[in-house]
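There are 4 protein chains.
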Amino acid sequence: MCRLLAWNGAPRYLEDLVFVPEHSLVHQCRNALICKTPINADGFGMAWYSDRPEPCLYKDTHPAWSDPNLAQISRHTKTGLFLAHVRASTGTATSRNNCHPFASGKWSFMHNGQAGGHMQFRKRLDTMIPDAYYNHRLGGTESEAIFLIALGLGLDADPIGAVAAAVQQVEAVSRENGTTPHMRFGACWSDGTRLYAARYASDRHAPSLYYRVYKEGVIVTSEPLDSDISAWIEVQPNRALVVEGGEVMDLPFTTALAA
Amino acid sequence: MCRLLAWNGAPRYLEDLVFVPEHSLVHQCRNALICKTPINADGFGMAWYSDRPEPCLYKDTHPAWSDPNLAQISRHTKTGLFLAHVRASTGTATSRNNCHPFASGKWSFMHNGQAGGHMQFRKRLDTMIPDAYYNHRLGGTESEAIFLIALGLGLDADPIGAVAAAVQQVEAVSRENGTTPHMRFGACWSDGTRLYAARYASDRHAPSLYYRVYKEGVIVTSEPLDSDISAWIEVQPNRALVVEGGEVMDLPFTTALAA
Amino acid sequence: MCRLLAWNGAPRYLEDLVFVPEHSLVHQCRNALICKTPINADGFGMAWYSDRPEPCLYKDTHPAWSDPNLAQISRHTKTGLFLAHVRASTGTATSRNNCHPFASGKWSFMHNGQAGGHMQFRKRLDTMIPDAYYNHRLGGTESEAIFLIALGLGLDADPIGAVAAAVQQVEAVSRENGTTPHMRFGACWSDGTRLYAARYASDRHAPSLYYRVYKEGVIVTSEPLDSDISAWIEVQPNRALVVEGGEVMDLPFTTALAA
Amino acid sequence: MCRLLAWNGAPRYLEDLVFVPEHSLVHQCRNALICKTPINADGFGMAWYSDRPEPCLYKDTHPAWSDPNLAQISRHTKTGLFLAHVRASTGTATSRNNCHPFASGKWSFMHNGQAGGHMQFRKRLDTMIPDAYYNHRLGGTESEAIFLIALGLGLDADPIGAVAAAVQQVEAVSRENGTTPHMRFGACWSDGTRLYAARYASDRHAPSLYYRVYKEGVIVTSEPLDSDISAWIEVQPNRALVVEGGEVMDLPFTTALAA
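Chains as they are written, first to last, in the working numbering: chain A, 1 to 259; chain B, 1 to 259; chain C, 1 to 259; chain D, 1 to 259.
Worth flagging that the hints you see were computed from the coordinates, not collected in a lab. Among the clues, some could well be false.
[Stated by the list, open to error] Straight-line alpha carbon distances no greater than 20 Å define the calculated SDA-like cross-link-like pairs of lysine to any residue that follow:
hint, chain 1, residue 1, chain 2, residue 2
1, C, K78, A, Q72
2, C, K78, C, R194
3, C, K106, C, G178
4, C, K123, D, Y13
5, B, K78, D, L153
6, A, K123, B, L138
7, A, K123, B, S104
8, A, K123, B, D131
9, C, K78, A, D51
10, B, K123, A, Q72
11, B, K106, D, Y13
Using the sequences provided together with the hints, build the complete structure.
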C-alpha cells in the first residue's frame, strides 16, 4: 500500500507538506504508521496545478528522500492544488509509468490500494479502457486502468459517480477472477479546481483516509501529518469528499451521484 | 531507426563487439552511417546466454556510451550468443520497457524499423497478444507486440514462419489504418542455440542488414563494424538467416517455412 | 563542448526557450551548429529563480529530449531569470554532480569549454577551493572548481573580476601542466538579479556566445535560437556582459573590474 | 549503516547469496536486523572477479530490490569471489559514485560504518589521497577516502596493515575535529585472490561482522543470512580475516602486521 497527500487552498510551497511536517509524506516513505508496508520506496510522484488547465506531473522511480530534484522543486514551487504520492508496489514493476499520480487533460488521479490478482487480468482491464484514452495507458497498474476507465465513463460530467462505476467494474473482474482482496480503494483526484477523494473496500479493510480543514485550505491524506490526532477527521468507508473553496462536502461514494 | 548487432560462435567478451571495433555498436550510437537517424541515444539493451536456458537481459534508458555499468559488464562477460541494440525511438517513450531486446522464456528478440502509425493502433496490437504472453507485455512498442504475437503463433515450432506471420498481421493493421510505412523490419532473435535474423519491408526501404562469417563465429548487424566492406554480406529483402555452428542458412522470410 | 542559454527579463515559461524555438536548447542537444560536438547528450540542467533568494536546480544525466519530467516542468514553470545547459562531457563522468548549472547560496553558474588536461590536475584544483565552499564540491569538473574558486575570490563583491581571476588561476595550472587548450571559457552566471556572461580563450578559439535584446528581456546563448541571424549580437572574446532591466552592458573580462 | 556480504570459494551464482537466502542481502535492504537503520535503500553495488585481474563493478542508486538489471545479472553471473553492498547514507548524497564497493586496479573495497563528522573534513581527507590515486576519487564518502589512502600506504604489500593505517589516519582527523563516533569500521576488501575483512571501532560499537565456513567456500557478512545462528562465527573487534582456499585466518587488525 502506498501513501498519498493532497492540498486544496491558498498557494503554498510543496515542501511545506511533502518534506517539512513531523510526519510528512517523505517521512512516511520510511516510517508509515497506519500501513501494512512501512516502506514506500518504489517511486513517487506529484501533480500540481499552475496557471495552465492541465497539471504538471513530476514522477520518478527513486525513493522520494533520495531525489535531489524533488527536494529542489518542492522548495521552489507554490501551488494551491496538488496531489503527491509515494509508492509501495503490489506487484507491477518499479517504473515511472507505474508511479502515481496519472494525468489526462485537466485530470489527475492517485490511488492507494489494489484490485486483488490484477496481474492476472491486466489484458481484460486494458480492453476496458476506451480507445480515446488508450494512448494514456502508459504502465501496467490497475490504478491507471481505473482512472482511464472512469474518464471513459464520464469523469467530466460526474466526477464521483464515474470513479465509483470504474471501481465497481474493476472489482467485478477481480471477483470473477476469484482473487482477494477484490478491491481496496483510497484515492484522490482533481480537475484543477476541485479536489475529490474516496474511501472504499470490498471487504472490511478500506485504506485509511483523513482530512483536516485549516484556515488556508484542506489537506486530504492517507495518514495524519502530525500528532494532533483530534484535528484530523477520518473519512468513513463508502464515502467521498469534494473539496472546494475551503469547504469539504462528505457524500456517498456511489455510481449514481446525480440520480 | 535503431542499430543492432548479434553474435553466435565461440565465447567472447561482449565489449569486443559492442565497444571495441572501429565502428562498434556504441560508436554507432553517435555516428550511425547507414541510417536516417545518426543518433541512437534513447536507451540500449543486451541479451546474452550463459549456462541457463533463458537469456540475461540488461537494458537501460541512458545512451549506451554514458552507462558505466554497461562498460563494466561488457568487459567482464563472455558469451557465445548475444543480441545487442541501441535505440532511436519512433514515438514511444524512452523507458526501460521500450528498450530492446525483449525476452520470454528462452527467447530473445530485437527489432530495427517500425509499423507506421503504431501509436494509433496500440490497443489493437495489445488485443492480438495471446493471454498466455500478456504479462510479458511490459512496454508500448509495436516491436514487443510482434515478438509476443509470434510467440503465440508458434515461435518454438517454426522460428521464422511465426515471426513472418506476426509481421504480416501487424502490417495488415497498419495498412488498414492507412499509415506508412506499413512495415519496416530488420530483426534478430534467438532461442539460446540458433540465431535468427530477417530483413523485410512493405515498401522499397527494408532496413539494412549484414552478416560476416569468421573462423570463430558469425556477426549479424545493421551495418558493418569495420571498413573491410567486401567481407560483409548484405542480407537481401524478404530473406531470413539461421545461424548455427558457424554456418549461415539464407532462407525466404515467409509464413510457410515448413510447407 | 556544451550548449547554454540564459534569460533575464519578464517572467516566461522555461519551455518557450528550452523546447519551442526553431533551434531551441533541446534541439541543439542533437543538432548543435556552431560546435565541434553536435551531440550534447551527457546530461542537462536548469537553474531558475522563484521568490526565494537561491535558485531552483533541476539536473539529470539523461539526454534532455528524453526526460518527461523536464518537459513537464518547463511547461509549467514561469521565471524571469534562468540558466539552462546541455552537456557534452570533455572527460569527466556522466553524473548529476557533473551537470551544470552549479549553485551555492544565491549564485548559479554554467560553463561551456574546458581547461585542457583538467583530469590530470584535479587534486590541485580541489586544493584551490576554499574550505568554506568545499562541501559544494560535489563533482569532478574543472567548471565547478572555477565557480567555487571564484566564490572564494569575492564573487559577491566583484562578480566579473572574481570569475576572471578564477579562470586565470585555473588556466595557469593548465599552462604549467602543459596541456592544451589551456582555457576555453564561455559562461553565464547569476545572483538572482543580474545575469552575467563572459567569453574568453587562451588561444584563438573562444567558445561562441551571442545575445539578443527583446522588448521583454535578453537571451544569452552559445548559438542563435533562430535563423534571424542579424538580430543576434556576437560577444567578442575577452568581453563580459552584465544584463539587468533589459539593458546589456558590454565590459572587458578582466580581474580588475573595480580598479 | 550499510549491509555487506562477500563470498570466496567455488564459483556460484551471485543471486544464491544476494537474492535467495531467508535473510539475503536484498532482503536486508528492507529488514536489516542487527542494524540501527533497518532500511538500506540508498543504492547498492557488487564487485566480482571474472578471468580478468580487475573486478567487474556494478553499482546503482536505486534500492537493490527494484532494479531489474541487478536481478538479471545476479541470476546469470557465476563467480568464486565477490563483494556486495547495500547502502544507507550517513550524509553524503545518493549517487553512483558514493555506492560501494570501490575499485582500483585489482582491488575492491566496501565499508559499513562511518568517520563521525566526515562531511566537515572532506577537504582534508581529499588531501590525504595520493596523487597517483586521485583520479579514482569519484565521490565524496570517507569510505572511498580510506580505500584510496590505504592504496597509497601499500595495500599491495600489506593488505591488512595498510587498511589499518588508513583507518587510523582518518580516525585521527575525526578525533581532532571533535566529532563522534570517531571511527566505526566493518569492511571487506579483495585483490581477486584473497578476501580480507576487519572489524573495529573507536568506541564500543564496532559494526557487526560474521563469517561462516561451508564446504564450498566462506561467506563474510554484516549479519547472518539464515536463522542457523550457531553456524555463524562473530568476528571480534580489532580483528581481521584473511580468507583463501576455504581457510579463514583470524589476525589482529593492526598497522604492523609484518612486524
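Quick rundown of the hints versus the structure:
Restraint check: the Cα-Cα separation between K78 (chain C) and Q72 (chain A) comes to about 15 Å, which is no more than 20 Å; the hinted pair holds. For the hint linking K78 (chain C) to R194 (chain C), the alpha-carbon distance of about 17 Å falls within 20 Å, and the restraint holds. A distance of roughly 35 Å separates the Cα atoms of K106 (chain C) and G178 (chain C); the hinted pair therefore is violated under the 20 Å criterion. Taken as a hint, the K123 (chain C) and Y13 (chain D) pair is broken in the structure, with Cα atoms around 39 Å apart against an allowance of 20 Å.
A threshold of 20 Å between alpha carbons decides the hint, and for K78 (chain B) with L153 (chain D) the separation of about 35 Å lies outside it, so the pair is violated. For the suggested pair K123 (chain A) and L138 (chain B), the alpha carbons sit about 12 Å apart, so the restraint of at most 20 Å is met. A hinted pair counts as satisfied when its Cα atoms are at most 20 Å apart, and K123 (chain A) with S104 (chain B) qualifies at roughly 17 Å. Of the pairs offered as hints, the one joining K123 (chain A) and D131 (chain B) holds, with about 7 Å between alpha carbons and a cut-off of 20 Å not exceeded.
For the given pair, K78 (chain C) sits about 10 Å from D51 (chain A) by alpha-carbon distance, which is consistent with the 20 Å threshold. Taking the CA atoms of K123 (chain B) and Q72 (chain A), the gap is near 38 Å; set against the 20 Å cutoff, the hint is violated. Taken as a hint, the K106 (chain B) and Y13 (chain D) pair is honoured in the structure, with Cα atoms around 19 Å apart against an allowance of 20 Å.
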